[in-house]
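Undergrad: Residues are numbered in my numbering as their position in the sequence shown, beginning at 1, plus a constant of 2.
Worth flagging that the hints you see were computed from the coordinates, not collected in a lab. Be a bit skeptical, because a hint or two may be false.
[What the hints assert, rightly or not] Quick list of the computed label-pair ranges, beta carbon to beta carbon:
#1 M30 / P54: 23 to 31 angstroms
#2 L11 / P54: 12 to 20 angstroms
#3 N19 / P54: 24 to 32 angstroms
#4 N19 / H50: 12 to 20 angstroms
#5 G46 / E15: 25 to 33 angstroms
#6 Q44 / Q16: 15 to 23 angstroms
#7 N63 / K32: 27 to 35 angstroms
#8 I66 / S35: 28 to 36 angstroms
#9 S53 / P29: 14 to 22 angstroms
#10 S35 / W69: 26 to 34 angstroms
#11 K61 / L11: 17 to 25 angstroms
[As the list claims (entries may be wrong)] Calculated cross-link-like contacts (lysine-lysine; reagent style DSS-like; alpha-carbon spacing at most 27 angstroms):
#12 K61 / K21
#13 K61 / K43
#14 K32 / K51
#15 K43 / K32
#16 K51 / K62
#17 K21 / K37
#18 K51 / K37
#19 K32 / K62
Glycine residues also receive a C-beta, built at the ideal position from the N, C-alpha and C atoms.
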Amino acid sequence: MQESEIESLEGLEQMHNLKVLELFGNPMQKINSIKPIQHLKQFGIERHKVSPYMRRQMKKNGIIYCWI
Numbered sequence: 003m004q005e006s007e008i009e010s011l012e013g014l015e016q017m018h019n020l021k022v023l024e025l026f027g028n029p030m031q032k033i034n035s036i037k038p039i040q041h042l043k044q045f046g047i048e049r050h051k052v053s054p055y056m057r058r059q060m061k062k063n064g065i066i067y068c069w070i
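All chains, please: the whole structure from these sequences, using the hints.
TA: See the structure below:
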């Protein structure tokens with residue numbers, strides 16, 4: 003996927019071929035649900051945008067996450 007601004011993860015769950023997503027520097031405020039990203043293998047975003055609960059859910063779903 004090309005570099006672009008993503009304001010929402012809505013519809014991401016239909017992109018089953020997408021395995022890595024990095025959202026560093028995007029205007030998205032918070033990640034509130036694991037559902038749109040549960041098929042990803044790797045997810046990157048600023049740490050303050052993901053709650054401890056969501057980090058546990060990502061670990062439970064086998065998602066490798068990285069922070070800045």
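Undergrad: Tell me the numbers of any earlier hints that the structure contravenes, in ascending order.
TA: 1, 4, 5, 7, 8 and 10
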